Amino acid sequence: MTDVVATNETILVVGGGVSGMTTALEAAEAGKQVILVEKRPYVGGRITQLYKYFPKLCFPTCGLEINQRRTKQNPNVTVLTMAEVTSLTGSEGNYSATVKISPRYVNENCTACGACEDAVEAEFDNEYNYGLDKHKGAYRPHRMAYPERYVIDPAMIGTADADKAKAACKFDAINLEMQEETVELKVGAVVYATGWRPYDANKIQPYGYDRYKNVITSVEFERMNDPMGPTGGKILRPSDGKEAKDIAFIQCAGSRDRNYLKHCSRICCMATLKQTTYATDADAKSTVYYIDIRAIDRFEDFYQKVQKDENVKFIKSKVANITEDRETGNPILNGVDTEGYNRYATPHELVVLAVGMEPSLDASTLPEGISINEHGFIENDGTNGGIFAAGCASDALDVNRAVQSATACALKAIQVVNRVAGSEG
Amino acid sequence: MADELLMGAYICKGCGIGDRLDCGRLETTATRDGKAKFAKSHDFLCSAEGVAMIQADIDAGETNHLIIGACSRRAKVEAFNFQNVTLSRANLREGVIWVRPDTDDARETTQEMADDYIRMACAESKFMKLPKGSGEQPLNKNILVVGGGITGMTAAIEASKAGYPAFIIEKSGQLGGVMAQLNKRVATKSPYAEPEDTTVDALIAAVEADSKITVHLNATVTKTSGAPGRFSVDISTESGATTNLSIGAIVQASGMKQYDANQLTEFAYDKSDNVVTQLELEAMAKAANGGPIKRKDGKEVNSVVFVQCAGQRSDKEGHLPYCSGFCCTASIKQAMYFKDQNPGVDTVIMYDDLRTPGAGGEDFYRSGQKKGVIFTKSSVSTIDASGADLTINFHDKILNEDQSMSADLVVLATGQVPNSGPDPYAVPMELEDDASAEDKQAAADAHEVAIGVDSILNLDYRQGTDLPHLKHGFTDSHFICFPYETRRTGIYSAGPVRRPMDSMQASVDATGAAMKAILEIESAAKGAAAHPRSGDLSFPSFRIEGCTQCKRCTVECPFGAINEDAKGYPQYNESRCRRCGTCMGACPVRVISFENYSVDSIGQQIKNVDIPEEFDEKPRILVLACENDAYPALDMAAQNKLEYSAFARIVPVRCLGSVNTIWLTDALNSGYDGVILMGCQKGDDYQCHFVKGSEMAHYRMSKIADTLKTLNLEEERVATYEVAITDVERTAQLINDMAETVEKIGMSPFKF
Chain E
2 MTDVVATNET
12 ILVVGGGVSG
22 MTTALEAAEA
32 GKQVILVEKR
42 PYVGGRITQL
52 YKYFPKLCFP
62 TCGLEINQRR
72 TKQNPNVTVL
82 TMAEVTSLTG
92 SEGNYSATVK
102 ISPRYVNENC
112 TACGACEDAV
122 EAEFDNEYNY
132 GLDKHKGAYR
142 PHRMAYPERY
152 VIDPAMIGTA
162 DADKAKAACK
172 FDAINLEMQE
182 ETVELKVGAV
192 VYATGWRPYD
202 ANKIQPYGYD
212 RYKNVITSVE
222 FERMNDPMGP
232 TGGKILRPSD
242 GKEAKDIAFI
252 QCAGSRDRNY
262 LKHCSRICCM
272 ATLKQTTYAT
282 DADAKSTVYY
292 IDIRAIDRFE
302 DFYQKVQKDE
312 NVKFIKSKVA
322 NITEDRETGN
332 PILNGVDTEG
342 YNRYATPHEL
352 VVLAVGMEPS
362 LDASTLPEGI
372 SINEHGFIEN
382 DGTNGGIFAA
392 GCASDALDVN
402 RAVQSATACA
412 LKAIQVVNRV
422 AGSEG
Chain R
3 MADELLMGAY
13 ICKGCGIGDR
23 LDCGRLETTA
33 TRDGKAKFAK
43 SHDFLCSAEG
53 VAMIQADIDA
63 GETNHLIIGA
73 CSRRAKVEAF
83 NFQNVTLSRA
93 NLREGVIWVR
103 PDTDDARETT
113 QEMADDYIRM
123 ACAESKFMKL
133 PKGSGEQPLN
143 KNILVVGGGI
153 TGMTAAIEAS
163 KAGYPAFIIE
173 KSGQLGGVMA
183 QLNKRVATKS
193 PYAEPEDTTV
203 DALIAAVEAD
213 SKITVHLNAT
223 VTKTSGAPGR
233 FSVDISTESG
243 ATTNLSIGAI
253 VQASGMKQYD
263 ANQLTEFAYD
273 KSDNVVTQLE
283 LEAMAKAANG
293 GPIKRKDGKE
303 VNSVVFVQCA
313 GQRSDKEGHL
323 PYCSGFCCTA
333 SIKQAMYFKD
343 QNPGVDTVIM
353 YDDLRTPGAG
363 GEDFYRSGQK
373 KGVIFTKSSV
383 STIDASGADL
393 TINFHDKILN
403 EDQSMSADLV
413 VLATGQVPNS
423 GPDPYAVPME
433 LEDDASAEDK
443 QAAADAHEVA
453 IGVDSILNLD
463 YRQGTDLPHL
473 KHGFTDSHFI
483 CFPYETRRTG
493 IYSAGPVRRP
503 MDSMQASVDA
513 TGAAMKAILE
523 IESAAKGAAA
533 HPRSGDLSFP
543 SFRIEGCTQC
553 KRCTVECPFG
563 AINEDAKGYP
573 QYNESRCRRC
583 GTCMGACPVR
593 VISFENYSVD
603 SIGQQIKNVD
613 IPEEFDEKPR
623 ILVLACENDA
633 YPALDMAAQN
643 KLEYSAFARI
653 VPVRCLGSVN
663 TIWLTDALNS
673 GYDGVILMGC
683 QKGDDYQCHF
693 VKGSEMAHYR
703 MSKIADTLKT
713 LNLEEERVAT
723 YEVAITDVER
733 TAQLINDMAE
743 TVEKIGMSPF
753 KF
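Residue numbers (my numbering), protein chains in the order written: chain E, 2 to 426; chain R, 3 to 754.
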């Protein structure tokens, strides 16, 4: 059984991505008790799937290492992975949360030695790489995954492979009988840091993501460029495995559009500018189809730098649709270049859809009366009692702004539990 | 028993360590060579039972210095978390068995590797003390907030709500800052369709009603000395009165000023009253008080053109290279002022890229379109103010042709300039050690002239009076993951002085900065370090009798933590220190140390590696690796079962900046055949969280060539690399490259 101590002076953080970790760590380092609930088997969220950050082109795992070290060292933070808040009731200073914990089938005895992985043969789609490759039935989701513990894919339970995994473990860390459990927590303040998911590109029918192999999403492209990713860092066309040398990026794919996401996700322009540097590094040419390039504030420097790159071309146009040249597998982009109103039908070897951020929040788990706007983000408007939204649960934000927001939420939550404790002043 | 050194070594046999290594021999190595009081092996040390065994020994007073030979120090941290003892980890799993082949040939060298890591951990343990915190500062909950605009007021209110008293220092005679000059603000709430109240009045009322907030108007900070938890701040008013405040941490919310539109002569701002800035239009809208907005000459405005990015996003001399981030929505809001009063007014926004991000931005943009605001993608070349009305000459980018139109009024979106103090590093502070006092003063004077702005904080710090700038005058952090990673511990900037932002972001930012100020107050009271070594209780101390007052530590500290006393001795300010050890690396006479990290705690590890005789042909390669990036990369290389030379001995360091050259000269003198330093990326896009650590190490190593020459050793024996945490294969490769180099140039002649 999972044993968790919580009181109405405890802060519950829902979501263990960079925002949730930040809220949890800031509050915990200031002396508060924090429970961090994360749906995935590991913390870090979507930044673990990014190869580089804009505009510095540094590596997200560097900051992740620091935040994981802070987590490991701090007894004030309790991390529950594979856990989801299924309901939350109550009011400021006095909430009850129901947390469902899915079985990992691996307990804390695990030393991450990897013997179980070596023992099994079954493979499953690797969500971490957006299905671009497979992982074994016993796996560590990524090299820095924390908690540093393996996971048994539930689909393997009941198979001979599962028994092999169990037999291979010398530390009695694999428990195939593990069941889903439910934990009730009493907490004083709740910070939702539930983050985002990439908008489902299948819905953008004119772009044919579901029909054309060489039309991929920006998040898939990001995994491809990671040297430890599914293609070993090479930009390979899904249709024929050849290196793509002529890449088109379509901005606002499904964003700023009444038919799909109405909002602008803020990060996609910068993410594409960053991804053109990957292309340039791989001796490929980039063409960016855009409505407005939103390289806000000092990110402008980065835009100017990319504009100077001869390998990158910008076309102001919302691409109308994509067709395919069957022979070459090249997607053909059709539309009008609005600067001068010229029609085009241009083939490219690979098309990357800069898909927007959709909030991952499941509003049904929240108490009544919480301010959630039509885009699905929680608004911190001062009327939500002891519930606060950090990072992309509050708006489409880049990492830097998400962390600002998460730091602010730590203080809002501390204010609540300090009031409960009567320790003001 | 307090200070008695009781070293206990524990060897884990799990994860294949017991199969691959002779653990009995490791125990002997620990007790015989490492001088541990005892050594024990366990089949599964991180299990509840293993941990209980260690805890029982601690409780029984058997040991207070633990040596754990098991996995990497990054693994099983929670299991091996024992109180009131020191802990040294010998990395036998990721550092030895996972990087070596399981073959008979390799067995001997693999075992030697493990033996060395046990000796090294014992040596470290012997020279480590349990850090206790200095107790240098008390719990001081007062927060100084410099600036009384919405950022400052929000920071003060949020801090107060958590129980921390705030002191707002405002230069002008009233609170409210730039926001108080606005008519309305951009929508912050769903459905993001209409301009909203600025909330300034409500904030001022909240500040005034709050007994924990003290406001000093017409006041500036004339001196800030001390450190987090014990800042002493002089506040002076125009009348000359000075108050002294005792402060725990500081939020700098000094805000922004409007870009000087007089520089935009092409837009005739200097020639016509009918060309105004956004801020001037706010005043006109306020004066109109819901009625038609009138020009200075009294004419009602029937047509208005907004010129976006005026003097911004431009590489022209005197222009702002950046985007101010708020002007697009601000112009939409201002166009609404006209449209809401009279839908017949023509409002045209001329833009290049319209930047209205997030959920609210795009809704607000659509609302503007619905109200009939015209958006034209164009670039304005000139504005002709010679006639009664204005003529705007522009290139329409959609039609791809030059056009002109007339308007009653033109509004320039000129953007924001940060109100930051002088950048301590604007002019390189290259003062040679032997420079005369006059030269130093002259350099300092030139520095001030070059900067030409008033100090905001007047820090009494060895390294300048204010927060360092990141770029374009903004005092932002350099780190994506850590926007509040300040270079002056305990001082956090927020709002548009930190980076360009709108009022909604500034409020969030103010709350975030208040959180960091509170965290620093709590940490300083415990004697604990701030991010990124949060919680570290060790602090630097120095032996005054050995100090030569060379000032390297005071100059090289990346956080300006060290001052100099009247005699030129360093004055450490523990709560300003981030525990990177750059001072320790800098010190030529090696008098600086931390309780658990010192010239000896690393130096003795290096010395305790067994150096085989030359004819054994078993070279030794010392690897000093940054603990945050290179060391994890090496761990991951091990996870991926990449092999590297059995002759490497890896020592994690807090930062490459802490590497003292004595470690290298000692290593080379005692027969190491090669030395590799692995630090973070340096330069403009540096990734070192201690700012200059990697850069300092590269610089210091460039000087080591002389030492090598004196020793008659080849230059290739020392290599310094910039390594990222993702360089998994490369780190292993760099070690193998050095092994190859050594094979090529031969063994060191300095074996004893």
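Hints in this document: simulated from the structure, not taken from any laboratory.
What you are looking at is a predicted structure, and each value in this text was computed from that prediction instead of being measured.
Incorrect hints may appear among the rest.
Heads up, simulated DMTMM-like pairs for lysine to aspartate or glutamate below, C-alpha to C-alpha not over 25 Å straight-line [claimed, not checked]:
1. Lys-235/E with Glu-731/R
2. Lys-306/E with Glu-597/R
3. Lys-73/E with Glu-718/R
4. Lys-684/R with Asp-302/E
5. Lys-694/R with Glu-597/R
6. Lys-57/E with Asp-687/R
7. Lys-101/E with Asp-299/R
8. Lys-309/E with Glu-80/R
Hints the structure fails to honour: 2, 3, 7, 8
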